[in-house]
Amino acid sequence: MAALWNLPTEIVIQMMKHSANLSCLWSLINVSSRFKLILMTHAWDIIENVITKTTPSCIRALMRIVIATRTSPDLFIGVSDVAAYLLKRKVITRDTDKVSDRLMLQNKSPQVLHDFVKLAHTIHGVAHACLDLYMERNYQTILKMLYSERQSPGRPFQPKEFGPRTYLEEQIVIRAIW
1 MAALWNLPTE IVIQMMKHSA NLSCLWSLIN VSSRFKLILM THAWDIIENV
51 ITKTTPSCIR ALMRIVIATR TSPDLFIGVS DVAAYLLKRK VITRDTDKVS
101 DRLMLQNKSP QVLHDFVKLA HTIHGVAHAC LDLYMERNYQ TILKMLYSER
151 QSPGRPFQPK EFGPRTYLEE QIVIRAIW
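Here the UniProt record's numbering is used: position 156 in the sequence shown is 156, and no number is missing along the way.
Where hints are given, some of them may not hold.
Unchecked claim - Cut-off 27 Å, straight-line C-alpha distance, at most; resulting in silico cross-link-like pairs (DSSO-like, lysine-lysine): (1) K53 <-> K36; (2) K53 <-> K88; (3) K118 <-> K53.
I should point out that these hints are in silico values taken from the structure, not numbers from a laboratory.
Produce the complete structure using the sequences and hints provided.
In structure tokens, the structure reads:
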């Protein structure tokens with residue numbers, strides 16, 4: 001822990017920017033109050049970098065809609081506006097100009113971005129819990145189907161392990177939750 005306290009701020013910022021995902025970033029900023037302060041100082045750059053490098057574009061668009069809605073509540077009047085915005089596939093960027101309908105998020109409250117990282121961490125945990133639940137249900141359904149077709153004497157059927165969840169399975173669940 002003492003070694004982390006002695007790291008220069010620039011190195012800590014680079015560590016945050018190169019986090020594996022938003023859950024890792026959340027864990028890192030909870031290490032110390034200094035790390036949280038560093039995030040609050042450079043929130044947009046760090047979070048934008050992590051989102052860009054670690055999430056697929058379809059989920060990234062949903063995440064940016066969430067950030068935009070939290071930072072500018074009057075941006076969308078209703079769900080239909082959000083859906084229309086997503087259908088047009090407009091890009092939300094740090095720069096603003098009313099002509100191209102781009103949104104400026106860089107000057108928004110760092111606390112909102114901090115809360116966004118917390119939300120993303122929570123959604124990540126919920127997605128894994130959902131995957132575990134549904135994979136277990138799928139496993140039980142397969143067993144019921146196998147046993148209902150034929151009852152074999154001796155040892156019960158032992159299906160192969162599914163293994164860890166694939167990246168695609170995880171992204172489908174996370175996209176549905178966002």
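Against the structure, the hints come out as follows:
no. : hint         : in the structure
1   : K53 <-> K36  : holds (21 Å)
2   : K53 <-> K88  : holds (23 Å)
3   : K118 <-> K53 : holds (18 Å)
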